[in-house]
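Colleague: Be aware that the sequence shown starts at 46, since it is given in my numbering, and climbs by one per residue.
It is worth saying that the hints were derived from the structure and are not from the lab.
One should not assume that every hint holds.
To be verified - In silico lysine-lysine, BS3-like type, Cα no more than 27 Å apart, as pairs: (1) K271 x K160; (2) K193 x K94; (3) K187 x K257; (4) K61 x K187; (5) K127 x K161; (6) K193 x K160; (7) K217 x K187; (8) K204 x K193; (9) K187 x K256; (10) K141 x K217; (11) K161 x K256; (12) K256 x K241; (13) K256 x K217; (14) K161 x K193; (15) K187 x K259; (16) K259 x K61; (17) K161 x K268; (18) K187 x K241; (19) K257 x K217; (20) K127 x K193.
To be verified - Pair by pair, the computed Cβ-Cβ distance ranges are: (21) N67 x I130: 20 to 26 Å; (22) Q158 x K259: 41 to 47 Å; (23) G254 x F79: 33 to 39 Å.
Because the structure is a prediction, the values reported are computed rather than measured.
Glycine included, each C-beta is placed from N, C-alpha and C at the ideal position.
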Amino acid sequence: MYCFESKVRYSEVNSKGTITLNAILDYFQDCSFFHSEELKVGLNFLMEKQIAWVLSFWQIEVNRYPVYGEQIRICTWPYDFKGFIGYRNFTMKNEKEELLAYANSIWVLLDLQSKKPVRILPEMIQAYQMSPQLSMEYTSRKINLPEKMEVQEPFLIHKYHIDTNQHVNNGKYVSMAQEYLPCEFEIRRMRAEYQKAAVYGDMIYPYTGEKKEKNIVVNLADKQGKPYAIIELEGY
Numbered sequence: 046m047y048c049f050e051s052k053v054r055y056s057e058v059n060s061k062g063t064i065t066l067n068a069i070l071d072y073f074q075d076c077s078f079f080h081s082e083e084l085k086v087g088l089n090f091l092m093e094k095q096i097a098w099v100l101s102f103w104q105i106e107v108n109r110y111p112v113y114g115e116q117i118r119i120c121t122w123p124y125d126f127k128g129f130i131g132y133r134n135f136t137m138k139n140e141k142e143e144l145l146a147y148a149n150s151i152w153v154l155l156d157l158q159s160k161k162p163v164r165i166l167p168e169m170i171q172a173y174q175m176s177p178q179l180s181m182e183y184t185s186r187k188i189n190l191p192e193k194m195e196v197q198e199p200f201l202i203h204k205y206h207i208d209t210n211q212h213v214n215n216g217k218y219v220s221m222a223q224e225y226l227p228c229e230f231e232i233r234r235m236r237a238e239y240q241k242a243a244v245y246g247d248m249i250y251p252y253t254g255e256k257k258e259k260n261i262v263v264n265l266a267d268k269q270g271k272p273y274a275i276i277e278l279e280g281y
């Protein structure tokens, strides 16, 4: 397990003074990178091997959004490896050990040359120590689309969407999807299914639909309607 402490910054809060979902996602993602760096299997190691961890699925649950200035502790640990797939849990707690948010994630190890999954290297398996799986409700990694979806205005992928793997960072898709939520919509659960990587200059063709009250699905697709990412946002 790897943990680090922080304090909710002004740059991470919304108009109500509470942390945004994307800031929580960024904390979780950063925590996983810090963990890998500490174990000497981080970005430099991956680049030397010409491989990269690519996120396949997020499930983030929010019990309470911490407020500006609140002390927080973020932890992560892998709980399983299978072939080319890695499984990770995350938690965010405050000083009173209140569980504010938690997550499950599924990652695929990708060969950067062939763009195909590659088996996790023995030295990576040796570096990480598995911890027990977090006790939580685990949803399906497959997000079903609503029967009726509304076509939205397409938009261009810009440079600020791109990460070190030269494609759109997983958190940016979540930001894109939130643009289609009602103003007072507060997210309790977010699920994201990533199907293919969008790169600089691509066009995103969004489709939105509602499964039930306070459950909105956004399909961020290519021109043919094939998803780059499907985001499901469920409110309180």
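Colleague: None of the hints should be skipped; say for each whether it holds.
Modeller: We went through each hint and held it up to the structure:
no. : hint                    : result
1   : K271 x K160             : 18 Å, holds
2   : K193 x K94              : 44 Å, violated
3   : K187 x K257             : 17 Å, holds
4   : K61 x K187              : 33 Å, violated
5   : K127 x K161             : 16 Å, holds
6   : K193 x K160             : 33 Å, violated
7   : K217 x K187             : 20 Å, holds
8   : K204 x K193             : 32 Å, violated
9   : K187 x K256             : 14 Å, holds
10  : K141 x K217             : 31 Å, violated
11  : K161 x K256             : 33 Å, violated
12  : K256 x K241             : 23 Å, holds
13  : K256 x K217             : 23 Å, holds
14  : K161 x K193             : 33 Å, violated
15  : K187 x K259             : 19 Å, holds
16  : K259 x K61              : 20 Å, holds
17  : K161 x K268             : 23 Å, holds
18  : K187 x K241             : 14 Å, holds
19  : K257 x K217             : 25 Å, holds
20  : K127 x K193             : 36 Å, violated
21  : N67 x I130: 20 to 26 Å  : 25 Å, holds
22  : Q158 x K259: 41 to 47 Å : 44 Å, holds
23  : G254 x F79: 33 to 39 Å  : 37 Å, holds
In summary, the numbered hints that this structure violates are 2, 4, 6, 8, 10, 11, 14 and 20.
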